[in-house]
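Peer 1: What follows is the residue order along each chain.
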Amino acid sequence: MREGQAGRVAATGYRKLDACLPGGGWPLASLTEALSAACGIGELRLFMPALSALCRQREGWVVWIAPPHVPYAPALVQWGLEVSRVLLIHPARDQEALWAMEQALSSGTCVAVLAWINRMDERTSRRLQLAAGRGESWAIAFRPAAARREASAAALRLLLRPGSNGTDVDLFKVRGARPALVSDYDDRDGGCPLPLVRPPGEGLEESAGAVGVGGRAGSG
Amino acid sequence: MVSPLSESDSVLPAEGEPPQPRAERGRVTAVPGPARQQPLPLGGGEPPAEDPSPSYSRQRRSQCWLCIRLPGIALEALGESAAASAGPVSVVEEEGGQVVVHLANRTAAAAGIRPGQTLSAALALAPALRTLSRRPRRERVLLEALADWAGRFSPLVSPEAPDALLLEVQGSLRLFRGLDRLCRLVTEGLRQRGHRALVCVAPTPLAALWLSRDASSRVEGVAELARYLNPLDLRVTGWPAAVLRALGGIGVTTIGECRRLPREGFARRFGAARLQALDRAFGRLPDPRPHYTGPPRFREQIDLGEETRDEALLAAGCSRLLALLEDFLLRHQRAARRLRFRFFHLRGGATPLTLGFSDAGCDVEHWRSLLGIRLERLHLPAPVIAVELATGRLEHRDGDTTALPLVPGQAGRHEEGLPRLVESLRARLGENAVRGLRSLAEHRPQQAWDEVDPLEGMAGDGGAGPSPWNRVRELPAAAGRGEGDDLLLERPLWILMQPQRLAVYEGRPCHDGPLQFVHGPERIESGWWDGADTARDYYVAETGAGARLWIYRDRRPPAGWYLQGIFG
Numbered sequence: 066m067r068e069g070q071a072g073r074v075a076a077t078g079y080r081k082l083d084a085c086l087p088g089g090g091w092p093l094a095s096l097t098e099a100l101s102a103a104c105g106i107g108e109l110r111l112f113m114p115a116l117s118a119l120c121r122q123r124e125g126w127v128v129w130i131a132p133p134h135v136p137y138a139p140a141l142v143q144w145g146l147e148v149s150r151v152l153l154i155h156p157a158r159d160q161e162a163l164w165a166m167e168q169a170l171s172s173g174t175c176v177a178v179l180a181w182i183n184r185m186d187e188r189t190s191r192r193l194q195l196a197a198g199r200g201e202s203w204a205i206a207f208r209p210a211a212a213r214r215e216a217s218a219a220a221l222r223l224l225l226r227p228g229s230n231g232t233d234v235d236l237f238k239v240r241g242a243r244p245a246l247v248s249d250y251d252d253r254d255g256g257c258p259l260p261l262v263r264p265p266g267e268g269l270e271e272s273a274g275a276v277g278v279g280g281r282a283g284s285g
Numbered sequence: 016m017v018s019p020l021s022e023s024d025s026v027l028p029a030e031g032e033p034p035q036p037r038a039e040r041g042r043v044t045a046v047p048g049p050a051r052q053q054p055l056p057l058g059g060g061e062p063p064a065e066d067p068s069p070s071y072s073r074q075r076r077s078q079c080w081l082c083i084r085l086p087g088i089a090l091e092a093l094g095e096s097a098a099a100s101a102g103p104v105s106v107v108e109e110e111g112g113q114v115v116v117h118l119a120n121r122t123a124a125a126a127g128i129r130p131g132q133t134l135s136a137a138l139a140l141a142p143a144l145r146t147l148s149r150r151p152r153r154e155r156v157l158l159e160a161l162a163d164w165a166g167r168f169s170p171l172v173s174p175e176a177p178d179a180l181l182l183e184v185q186g187s188l189r190l191f192r193g194l195d196r197l198c199r200l201v202t203e204g205l206r207q208r209g210h211r212a213l214v215c216v217a218p219t220p221l222a223a224l225w226l227s228r229d230a231s232s233r234v235e236g237v238a239e240l241a242r243y244l245n246p247l248d249l250r251v252t253g254w255p256a257a258v259l260r261a262l263g264g265i266g267v268t269t270i271g272e273c274r275r276l277p278r279e280g281f282a283r284r285f286g287a288a289r290l291q292a293l294d295r296a297f298g299r300l301p302d303p304r305p306h307y308t309g310p311p312r313f314r315e316q317i318d319l320g321e322e323t324r325d326e327a328l329l330a331a332g333c334s335r336l337l338a339l340l341e342d343f344l345l346r347h348q349r350a351a352r353r354l355r356f357r358f359f360h361l362r363g364g365a366t367p368l369t370l371g372f373s374d375a376g377c378d379v380e381h382w383r384s385l386l387g388i389r390l391e392r393l394h395l396p397a398p399v400i401a402v403e404l405a406t407g408r409l410e411h412r413d414g415d416t417t418a419l420p421l422v423p424g425q426a427g428r429h430e431e432g433l434p435r436l437v438e439s440l441r442a443r444l445g446e447n448a449v450r451g452l453r454s455l456a457e458h459r460p461q462q463a464w465d466e467v468d469p470l471e472g473m474a475g476d477g478g479a480g481p482s483p484w485n486r487v488r489e490l491p492a493a494a495g496r497g498e499g500d501d502l503l504l505e506r507p508l509w510i511l512m513q514p515q516r517l518a519v520y521e522g523r524p525c526h527d528g529p530l531q532f533v534h535g536p537e538r539i540e541s542g543w544w545d546g547a548d549t550a551r552d553y554y555v556a557e558t559g560a561g562a563r564l565w566i567y568r569d570r571r572p573p574a575g576w577y578l579q580g581i582f583g
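First to last, the sequence lines map onto chains A and B.
Count the first sequence with my numbering and you get residues 66 to 285, in order.
Count the second sequence with my numbering and you get residues 16 to 583, in order.
Pulled out of the complex, with its shape left as it was, chain B reads as follows (with noise of 0.2 Å):
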């Protein structure tokens, strides 16, 4: 049923005609997010000089959306180009039971093959017709890898699949030069991948989106918008072919022609959702856009064309791998903090090869001198014939924000530099051959220290305390031996890890022959609560070669002489 239109019920507003109480309930502008609260003009708000209620394009700073749109795309992922004449070519796909021809390339173009027809009706039309069937995912990985090259005209990169790409640009003018030379830029660089494009800007996504279904345009202001949109058929927004009908069915083709219908009928009878995608193309909805913002995982594989073991040839593909996961992070912007290297045999499995590291980064360099370590010890079991790199989920780069080097060639270098040579020891010795120290507030000699992860007291930074790295300078000069140290008896620099039980020779403890007493007794008595009960009395003695122990006699049964360390 079609009800006849008056002009203070159509979408369009006529001037000066107050809001429709009865059209605010029909508005279906559930609109996500809580700045949409005001309420919304009731019809289209254009021009919005003279519209006297607040729209949307109004509080937000203008934005300019260009959008790509490669109508060849189903040919170019398949490797085929959409203008070469090497005979008709066209990709077919089924539907609803149908092989139908999806695209045809120029020389098909030529004969009269449409999207849409019959597979037999184009080959009736073309007999040499060569069709090849339509690859989805591989169109979704182009895409992806264009949205990826379009990173470097703006961070705000947003696919529309199947076949465009949304560009917020509005930042980007000042550095490109103006949107002239930023376009031609767009459409030369898409050029020379082998890719057809139309470029379309305007003030809105979709309405950049629904222009590029037409012809190339620009579109300055939302001003500019209504006339360009307008005239458009109303094909371009894809909707579902049966809202498409039903709209032909009451004479409405156009989008200026859909914009004349009552609000809330339109929303009734076509969904709510047709009437946010117009309100949405007129700027008068916010049209928040997904960032592409790449895959969480970079994941590479060369084939290194033969099966070797030759050592250089694999650093040298391990090597290329790098180069591209470093072009890929700094890209992104990312950092990774591990790396996974897998080496496939040809009669199956793979020598896996991990690269792990204190601090995520992107610093290729010494990734590969870290790799060049591990690939010297890697037992290969069968000889290689790929190579594969994987990272773990990848991190978001921090800036930069080393202090300015006011001594050229000084400041960071050390901070950076003191893990690396941890991680590349470790690299060739072990995880655990590498360790550091650590001295604890303790009586007990055997307690007084421990074994630590040595980076563990550098990532410490801002945790608990100033981390030592930082404490250097504001030691005092003085802290020399046992000053200002609640310690007064000197300790061995060597200490042995189980003392040893020494021999009693006429009640002397002997160490290569009977010891001299040199000071003591220190009695230490502590840890009654922790069952590592001491009771010890602590000498400094001497042997007779002159090397100087510290040894203790042990108060508690069995009694007997020990020796604790060495004062080296």
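For reference, chain A alone in the conformation it holds in the complex (with noise of 0.2 Å):
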């Protein structure tokens, strides 16, 4: 976390994206819309390092309202976010998210608050923002490409999209600073890749290299 013009911010962990962003980093205590045109082009991994900072930094419930699946508490634990302090909300109507997320921001006690929410009039990013700023916590909404077009509140609107080389990032509405197209955000060298083996296709029956993980193969 850091303190800056732009107020308090967090380093997105990603060296181009940083370097778009005022004060270098995702502005806290705000509300920032993520827009995406498909689900798992690298719309939550675009948080994790921040996330996983943020929960270094300071106690408190990272919540996830009306997640589209469950989140994986393993590669949570890989991230190294605090799996114990994940809440999962599964509200059954729309209006009961916004209340539970407006709720869980103004309370104080969470990092962050991960919601997937379809529709979002303006009035009510506003409401967020306002709570987010009141309990100085992180909202995030996850939302549909389409919302673009709607008007919103929010301190950072960005829309994710597949690019030509990895996954692009727009961020169309950056508070303090100008709007930015940042192409393939994701530029660490991914992990700890596994070499295909043998391209999948013509015959799956056995491969030889697979590496063994598990109970007969031991932990290696």
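Hints may be right or wrong, so weigh each one.
To be verified - Stretch-level coverage of chain B by chain A, calculated; a stretch enters the list once three of its residues show a Cβ under 8 Å from a Cβ in chain A:
#1 433-443
#2 448-456
#3 506-520
#4 561-569
To be clear, the hints were calculated from the coordinates, so they are not data collected in a lab.
A virtual CB, placed ideally from N, CA and C, is assigned to each residue, including glycine.
These two chains come separately, so use the hints to put the complex back together.
Peer 2: Take a look at the structure:
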């Protein structure tokens, strides 16, 4: 966490993004809107380094409201997020999701509140923005790409879309800075890739070079 | 038969007289507690300064007992004041088939009505006499309420039915700046509550009680006790009438006379309990008293005056109940874990609403906000006429042990607030809508995680390892991805509850078009022992739209491709 002119920020963990954001990181205590064209193109990975760093600095919940799937606990551990601080909330309706989000944000006990929300009008976004400021939590609203046309009070709005080489992040509304386009934001060396042993498609019966991870192969 | 008394044989020891072996046998001082092993002096151990043998009163720290006696409690419990001049009033009760006067107010007393008179005699004296029947239950409730109130003067309050309270105030003297002021505060406080009270102070509870049946007096030390107690009429002891009659028959009417009787004979003829009572009153035997600890539960009801469905009115009623509860909990230093509201309907039945908390506490503000959330969603089948609030069994309140707030407004705030968020979310969304996660040491992806109660992990500090909340700062700063973890391969951030079967086109699995393999395979074979045997080759694959998926090929028949997770 850093204090900057733009308020408190958290380094994103991605050099290219830090360079385009005022203060050099995600604006905390405010609402960030992440629009994405598809699920799985890196919309969560984008925030994971900052979330796990925040968790190490501050106590509090990381709340997931109405996630589309179950966050996979071993993966969270890999990213350095303390799993016992994750709170999963499954509201029955959109209205309740927004209520829960506002409640969590303003409680002051959450490091971050991640919510998957389809419909959110400008008034709601303003309320969430205020609640985030009140509770000093970071609100992230994940929304479909079509929401780009809607007005919103979020401090930061971005759109993820598959680019020619990795995923591009279109920072189309940045409070305190110009909009920017970051292509292939994830330029780290990508974890520890396993070389593709044999191009599948032709006969996948036995792959001699398979890396065994399991009871018989030991914990290698 | 009355045997002539000899000095050496009396309850009161003669100076320098050696202890009588005979009396040792007759000493019926089987006092509970191992502390009372040393032999008691034969006779009355007073004054202690002159008594060569060890006396109980000398081995303990001095006590100061304050007895509050409410002579008019029978009238006051019925809502009448003993001093009221609204005509003669008396409380009557049935005794041995006769209706007799139990208590008369001042006007009635002036007309010559005395306790113990039969009703007909009383009516003959004052034909305008208004009679009320005695309500022992109400007296008991009133006495308990006053014991509650008296808790402000001492932590040790012991109600002595039917009309007295005993307070051990030695420890409170400094706080109240002396006995004089304390007595004044007690009397004044009771007067304001509409009770006439007699206050007596003595070093032993029984002495204070007996003295209070005579008149207000104050005895400062054990040495003084004899001077005050000896002249008292034996009736102050409240011993059974038969015992008093028998004692009167041998010419014994005061406590002093009684103490001159031989111990052994006295115990045999009038009961060992009488001898023990005398010893307790004079501080020669310990006299442990039960503490009044307040009722084990809270239950209070308010009437709303008229039937209503108005949420604001109901909330106001509940709020009042909560304020009462807060007061109650503070006074008794208790904490509640469950609150049960009941909304009564005029045509019978009640709608319940229960609030449960992760921790027993007494934070009424928090309860109020939770109740607000629940009230909004409460379905009432009919208008409400009354609301009741009851608690489960109350727990003792833990002392406030939070660290000193070195950084103002920071310390303790989080630890306390964390479960609260869960509680308020659950209040509205339901118990199961708020879950926590857990990672398990397991190779099979499906079994490597679990949903848990988010509060369980927090409650576990001190139990199995440090709580994650305390571990926060101990996490290595470099706990980035993969490092220090035995899983070398990146796992997807999303997992599907059930693997989704993928279509296969020309030998390639498809998901929005054919998938591109990125890396793999990673073979996972495990679980042959628990019936969920798994043999799979996992790949990371990419869709045409750029989404990264975690898919596997089942190596066991029927083989096929499945989607397990999404990298997000």
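Peer 1: Decide, hint by hint, whether the structure agrees.
Peer 2: Each hint tested on the structure:
1. Coverage of a stretch by a chain is defined here by at least three residues with a beta carbon nearer than 8 Å to that chain's beta carbons; for the segment 433-443 of chain B and chain A the count is 7, and the condition holds.
2. Residue count for the segment 448-456 of chain B with a Cβ under 8 Å from a Cβ of chain A: 8. That meets the three needed, and the coverage hint holds.
3. With a threshold of 8 Å between beta carbons, the proposed coverage of the segment 506-520 of chain B by chain A holds, since 7 of its residues qualify and at least three are required.
4. Figure legend: the segment 561-569 of chain B, annotated as covered by chain A; annotation consistent (5 residues with Cβ-Cβ distances under 8 Å, at least 3 required).
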